[in-house]
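**Student:** Okay, here's what each chain looks like letter by letter:
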Amino acid sequence: MKPSAPSSDPTARPARGLGLHALLTGLSLAMVAPFAWMVLASLKTLPEASDPAWLPQAAQWGNYPEVFRVIPFLRFAANSLVVAGWVTLLQVFTSALAAFSFSRLDWPGRDRVFFLYLGTMMLPGIVMLIPNYEIMVRFGLMDSFLGLVLPSAFSAFGTFLLRQFMLGLPRALDEAAEMDGAGKWQIFWDVILPLSRPGLVTLAIFTFMGNYHSFFWPFVMMKTVDNYTLPVGLLFFDSEHGQATHLLMAAVTMSVVPLILIFVVLQRQLIRGIQIGAVKG
Amino acid sequence: MNRRVRDFRRLLTGLAYLLPNIAGFCAFTLVPLALSFAMAFTNWDILRHNRFRQEPLHWAGLENFARLLADPQFWRDLGNTLFFTLGLPFAIAGSLGAALLLTRVSRRRTALGPALVVATLVLVASAAVLLAGGLAQRGVLVLGGTMAAAVLVAGVVTGGTIYRTLFYLPHFTAGVATFVLWKKLYNPHTGPFNTALAPVLDGLSAVVRGAPGFFTYGVPVLCGAAALAAALWQGRRLRRRWADGEAGSAAIVTGTLTLGGPLGLFLHWQGQGGWVAGGAGAAVVAGLGGWILRQPRCWGPRRAADTGLGAELSLALAGVPLLLLLAGGLLLGPALPALAATGLEPPNWLGDYAWAKPALMLMALWAAIGSNSMILYLAGLSNIPPELYEAADMDGASAMQRFWHITWPQLAPITFFIAVMGVINGLQGGFEMARTMTQGGPAGSTTTLSYFIFTQGFETGRLGYASAIAWVLFGLVLVFSLLNFRFGNRDVND
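Protein sequence lines correspond, in order, to chains A and B.
Per this note's numbering, the very first residue in the first sequence carries number 1; after that it's consecutive.
Per this note's numbering, the very first residue in the second sequence carries number 1; after that it's consecutive.
Don't take every hint at face value.
[Stated by the list, open to error] Partial chain B-side listing against chain A, Cβ under 8 Å, derived:
1. PRO20
2. SER36
3. HIS58
4. THR120
5. VAL176
6. LYS184
Simulated from the structure, these hints should not be mistaken for laboratory data.
Every residue, glycine too, gets a C-beta built ideally from N, C-alpha and C.
Just chain A, same shape as in the assembly:
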């Protein structure tokens, strides 16, 4: 097939465009097939779960309530939501403050400090992991949500993302507000922050998703089963009741389907964020 000369006459050879659609449909289905298997397996009985047939004889909706009985799934999900929610709130707030300083305030050495700070994004998290763990032990924050939230409440990436966004807002806004006698804080809170909403939302999605998925830190931090976040809880489920494929898949479905819904609703903002985020080079 010849690549896209933007065809002037769309109806001239519709079958060729259709071939492309058919190919993409096939590829899409291949990408989604694991999810389809997951949902179908979650509706099987235990003996059926080791059966090669994809479909259950009759859908076992009862598997889902059964998951709640076997593991504290809701507890795990709530933990994840609370942790990811707090991290998101704090990180967006601290990043917005820092981004405001780096983009709208003039102070000597500002850009040099910014690039230095940006450079810390290179640091691999694993280097800080062991000492951070020791710090948590010393301060008695092991197995606590505070210890889970605090290290993630600050981010060079978030600062960078919002700075890029705020640099795009016209300078005249600040000047007009200053003329009206607004202080720096008012400019930040009443002018810049509302206008940066798309950027804030993008960062919020990224942060929330990243922390919802995050595994390493909660895995080493959390010792009590009731404190597990969802990823740690799923691993716990797998190691305790891994043979119960149907229940495991029901649990996995319940943790993946909300993500799919979130993504479908918010994909436009996410894609824009990815594009802003990668400009840094």
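We have chain A already, so just place chain B on it with the hints.
**Tutor:** Chain B only, in chain A's frame:
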């Protein structure tokens, strides 16, 4: 004086807004960083230095690092980590391919009629299967057919957006949940992979048994010949570029290593000893480093003759899958008849030393095709000026020529970014997959450096040693980070 005071006040205001961020940065990045560095030079062991038992802590000097260099496990895991980065060319090719298809479909408006006709036909066929066979056995065909029809219609109506959404889903949901899912998919007895593969392999073994001569001699000879031809071609090409002054010595080394590196890693995959893996790993790092160093920008003013990026990177990217395929054929060909005689068994994916790594890479590929790379490529493709294609059309360029001479060079900065970020993330990665799916096994074949650090630090409690490994990993990452920072790509390189 007045100015100074004003500057100082400005500085204070600026810093005040930074305060929460900087405080967190100091507490959870700067202090741990210093602490980690110090720990790397001590014999800190959780069994001997804890709340209840406090033996004096010793400065161990470079002892940890010396031990690291002599630790065969470290070299094995470094080899594993580098082997996993071989998935990168596949991921890049997949993302680019997806982006190209999506771009093409969004530019071409398809008339609705034919799609609806096809969708209806699929639905009717599905219903016919349903009626003929009863739901339980064939129901999945009906389900698949209906889904396909729905996606097709949605694709035509939305101009392809639905495909992008579906491609991106695996990346968006990737995490422990999908790892647990794939662990079930890979189950050697009940997983869908092997239940689907079993009949295929039965057919294949029948074919092999029927035609032993070809498989015993033909396939390996063909693969060997192709590999030899590729090596000769690359050698000739390099010599010519050298003679023409198009490539410096760094380029020659790079070119050689892009051939040698993957082969070395392949041997590591086959389990042929640690030193081979170490050598191969060093070769890949040197190769990639050399490739980047020979970018014109690296050495001051751009040399007109040095048109490297597109050619070298594309060669490396295309070369890796090809070489792996050829090496596979070369090794597998002679062994196939013996295997087929007893019937080919589907692999015991995660439980098999040789298959565990490719299994994890396949899963990673699933999540990587529709990832951020695809989104970046989509943006990049829409930014290529259409005049370039129009000019090429005027000159009668073929589709291949248009791709290699316009699309690929125009996308080079994005490819560079994706490749470098991929290596950086790849070097640090692998912990979650290993912990969830294989526990780093079997026999350590999926233990990456980050998992090694975890086992040393959190399971055996050797915090000093684990910190030392972390710093070596940091060194590796830093090299690539600096290269990215220095030669970061704000415009087209080629």
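**Student:** Identify every previously stated hint that the structure contradicts and give their numbers, smallest first.
**Tutor:** Hints 3, 4 contradicted; others consistent.
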